[in-house]
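Please model the complete structure; the sequences and the hints are all you need to start from.
Same order as they appear, the protein sequences are chains A and B. Under our numbering, think of the first position of the first sequence as 1, with each following residue one higher. Under our numbering, think of the first position of the second sequence as 306, with each following residue one higher.
Please note that the accuracy of each hint is not assured.
Pairwise CB distance ranges (calculated) [what the hints assert, rightly or not]:
| id | chain 1 | residue 1 | chain 2 | residue 2 | range |
| --- | --- | --- | --- | --- | --- |
| 1 | A | Glu20 | B | Asn319 | 48 to 58 Å |
| 2 | B | Met466 | A | Gly44 | 23 to 33 Å |
| 3 | B | Leu358 | A | Met1 | 57 to 67 Å |
| 4 | A | Ala236 | B | Arg541 | 45 to 55 Å |
| 5 | A | Gly44 | B | Glu493 | 24 to 34 Å |
| 6 | A | Glu20 | B | Ala469 | 26 to 36 Å |
| 7 | B | Lys346 | A | Glu20 | 41 to 51 Å |
| 8 | A | Asn26 | B | Ile462 | 34 to 44 Å |
| 9 | A | Asp183 | B | Gly497 | 33 to 43 Å |
| 10 | A | Lys262 | B | Ile473 | 24 to 34 Å |
| 11 | A | Gly193 | B | Met466 | 22 to 32 Å |
| 12 | B | Ala525 | A | Gly44 | 28 to 38 Å |
| 13 | A | Ala236 | B | Glu461 | 50 to 60 Å |
These aren't lab readings, by the way, just hints derived from the structure by calculation. The beta carbon of each residue, even a glycine, is placed where N, CA and C say it ideally should be.
Each chain, letter by letter, is given below.
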Amino acid sequence: MLSLKLENISYTYQPGTPFEKTALQNISLTLEPGMFFGLAGCSGSGKTTLIQHLNGLLRPTSGRMTVNGSMLDTKGLKRLRRQVGVVFQNPEHQLFEETVYRDISFGLSGSGLTPVAVDSRVMAALAAVGLDEEILQRSPFELSGGEKRRVAIAGVLVMNPAVLVLDELAAGLDPGGRREILDFVDRLRSERGIAVVLATHDMEDLARYADRVLVLQNGTIALNGATREIFRNVEALESAGLEPPEITRFMMKLKKVMPEIKEGILTVDEAVLELKRLHREGCWLGSYDTKLADGTVRARQFDAA
Amino acid sequence: MIQNLLMGRYVPGNSMLHRSDPRTKILLMTVFMALVFLVQKYLSFLLILLFVLLISSRAGKPLRNSLKGIRPILFIALFTMLVNIFAVKGTPLVEYGILSHVSREGITLAVQIVLRLFLLLTGASLLTATTSPVSLTDGLEALMKPLRRFRVSGHEIAMMMSIALRFIPVLLEEAHIIFKAQISRCAEIASGNPLQKIRNCLPILVPLFASAFRRADDLATAMEARCYRGGKGRSRMRRLALSGADYVCVALMLMLSSAVLYIEYVSM
Numbered sequence: 001m002l003s004l005k006l007e008n009i010s011y012t013y014q015p016g017t018p019f020e021k022t023a024l025q026n027i028s029l030t031l032e033p034g035m036f037f038g039l040a041g042c043s044g045s046g047k048t049t050l051i052q053h054l055n056g057l058l059r060p061t062s063g064r065m066t067v068n069g070s071m072l073d074t075k076g077l078k079r080l081r082r083q084v085g086v087v088f089q090n091p092e093h094q095l096f097e098e099t100v101y102r103d104i105s106f107g108l109s110g111s112g113l114t115p116v117a118v119d120s121r122v123m124a125a126l127a128a129v130g131l132d133e134e135i136l137q138r139s140p141f142e143l144s145g146g147e148k149r150r151v152a153i154a155g156v157l158v159m160n161p162a163v164l165v166l167d168e169l170a171a172g173l174d175p176g177g178r179r180e181i182l183d184f185v186d187r188l189r190s191e192r193g194i195a196v197v198l199a200t201h202d203m204e205d206l207a208r209y210a211d212r213v214l215v216l217q218n219g220t221i222a223l224n225g226a227t228r229e230i231f232r233n234v235e236a237l238e239s240a241g242l243e244p245p246e247i248t249r250f251m252m253k254l255k256k257v258m259p260e261i262k263e264g265i266l267t268v269d270e271a272v273l274e275l276k277r278l279h280r281e282g283c284w285l286g287s288y289d290t291k292l293a294d295g296t297v298r299a300r301q302f303d304a305a
Numbered sequence: 306m307i308q309n310l311l312m313g314r315y316v317p318g319n320s321m322l323h324r325s326d327p328r329t330k331i332l333l334m335t336v337f338m339a340l341v342f343l344v345q346k347y348l349s350f351l352l353i354l355l356f357v358l359l360i361s362s363r364a365g366k367p368l369r370n371s372l373k374g375i376r377p378i379l380f381i382a383l384f385t386m387l388v389n390i391f392a393v394k395g396t397p398l399v400e401y402g403i404l405s406h407v408s409r410e411g412i413t414l415a416v417q418i419v420l421r422l423f424l425l426l427t428g429a430s431l432l433t434a435t436t437s438p439v440s441l442t443d444g445l446e447a448l449m450k451p452l453r454r455f456r457v458s459g460h461e462i463a464m465m466m467s468i469a470l471r472f473i474p475v476l477l478e479e480a481h482i483i484f485k486a487q488i489s490r491c492a493e494i495a496s497g498n499p500l501q502k503i504r505n506c507l508p509i510l511v512p513l514f515a516s517a518f519r520r521a522d523d524l525a526t527a528m529e530a531r532c533y534r535g536g537k538g539r540s541r542m543r544r545l546a547l548s549g550a551d552y553v554c555v556a557l558m559l560m561l562s563s564a565v566l567y568i569e570y571v572s573m
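See the structure below:
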């Protein structure tokens, strides 16, 4: 198990040149085993830069990073990369081997595992991303975009990372496939206690899976806290270029008419439960007056059915 | 790694060199190169060196940064220098073991080659640092116009060049991203014997080539979608025109060339 701690880290690209650019400023975060950590922010907010610190691809310009309580050194760096699996944006562009099997198992070469163990790891990773065994002997370059992406993700999962970082997993995957992979990752988290970091601007995914969310804005922390708290703070979210999930916004609007609705509904399932509860308790839209666009107030004639 | 590749990078600015016409700069660059290869005497080397330093100091601080990018090339220069010192035959300086291979001629040649390399690179980066890739290719296209008579399409060559130049940073960036992705998968990029090292580059090279082809395909489609049909009848947004800066540049280069030619052929 692995716990990572970043304390007040800042990162500047190309310091001392005319192209200098500060990408991160005073970021602190802690990753504990079993955590599902959401990283939100619009494009250019520094998500990818922050992610690259998590496996030591970038070293902070200032600030401290500790792994299991000790500072990171060169020897620890290699071990860190084995333990932190990163699925980058558009990972399908990193495929290179002749067959899918060899590409997925690439990360295991030099790990000292027996061929049988490698085999079973590859099979497990393949199942996780929902691909068929017959794909293993094909060339990754003849696959469809979605299949390529799944192969690339399997190539990271195969290393059994203690921390799994997913950068913009959603782009280019169909909703069903995305849900499948995220469900699998979430199961890994609850069963094996791995930590998951999901960087995305898809708020629905964060609402569904993340326990904590950190919102980045221009390289600084705009919001940091439990997911439900974060999505309650609509103004701050909006100033960071984001908005709460559609269902949350819907329930907030509905709450203006029905004050009994509780705050912080994050998923459709929660919304259904809440509406059922209200129905059981006898409040329903029909019993409320609604202010219409022309300013007149009229009692709605809705049936409970 | 890639951040250090500043050599040849365009640095926006407003110096005299920035303002002068790309055609002028390309032609003067050719003269400058000829000059560098022509000179034999140290005095003229010194003169050219002073000239380059003067020009680059006028071109502002960003330029000096770009000149720093030459440093990696100095390694190559050092290597050629060593080869020359030992390989050129002539009167040995001392008769002692391996040192008897070192000749007066060898040393002279070595020093001159290093000086030439340095001057060429500095001159070339002065050109590329003060001329944006777009105006550079515009200039080349204009200069290649006379070649039409020989059925050489200057436009196509210039377009190919500008596309190539345009995609260098893109591919560099992409190589960087792929490098990071493979490192994250525990790839051993820089270890092992030379043969292994080449094999270890495959995880970067294969995806890079794949993406270069993909980009080429996309670009061709995009260009055709915008009705690109070659240079014929194509109007341009920027027209090249000579200005005061050009005359100053030409005058300076004329002064330098005549001084150098005087030193080389007339004096002594």
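Hints, one by one, checked against the model:
no.	hint	verdict
1	A:Glu20 / B:Asn319: 48 to 58 Å	violated (20 Å)
2	B:Met466 / A:Gly44: 23 to 33 Å	holds (31 Å)
3	B:Leu358 / A:Met1: 57 to 67 Å	holds (59 Å)
4	A:Ala236 / B:Arg541: 45 to 55 Å	holds (48 Å)
5	A:Gly44 / B:Glu493: 24 to 34 Å	holds (33 Å)
6	A:Glu20 / B:Ala469: 26 to 36 Å	holds (28 Å)
7	B:Lys346 / A:Glu20: 41 to 51 Å	holds (43 Å)
8	A:Asn26 / B:Ile462: 34 to 44 Å	violated (51 Å)
9	A:Asp183 / B:Gly497: 33 to 43 Å	holds (40 Å)
10	A:Lys262 / B:Ile473: 24 to 34 Å	violated (56 Å)
11	A:Gly193 / B:Met466: 22 to 32 Å	violated (56 Å)
12	B:Ala525 / A:Gly44: 28 to 38 Å	holds (29 Å)
13	A:Ala236 / B:Glu461: 50 to 60 Å	holds (54 Å)
Comparing the model with each numbered hint stated earlier shows that hints 1, 8, 10, 11 do not hold.
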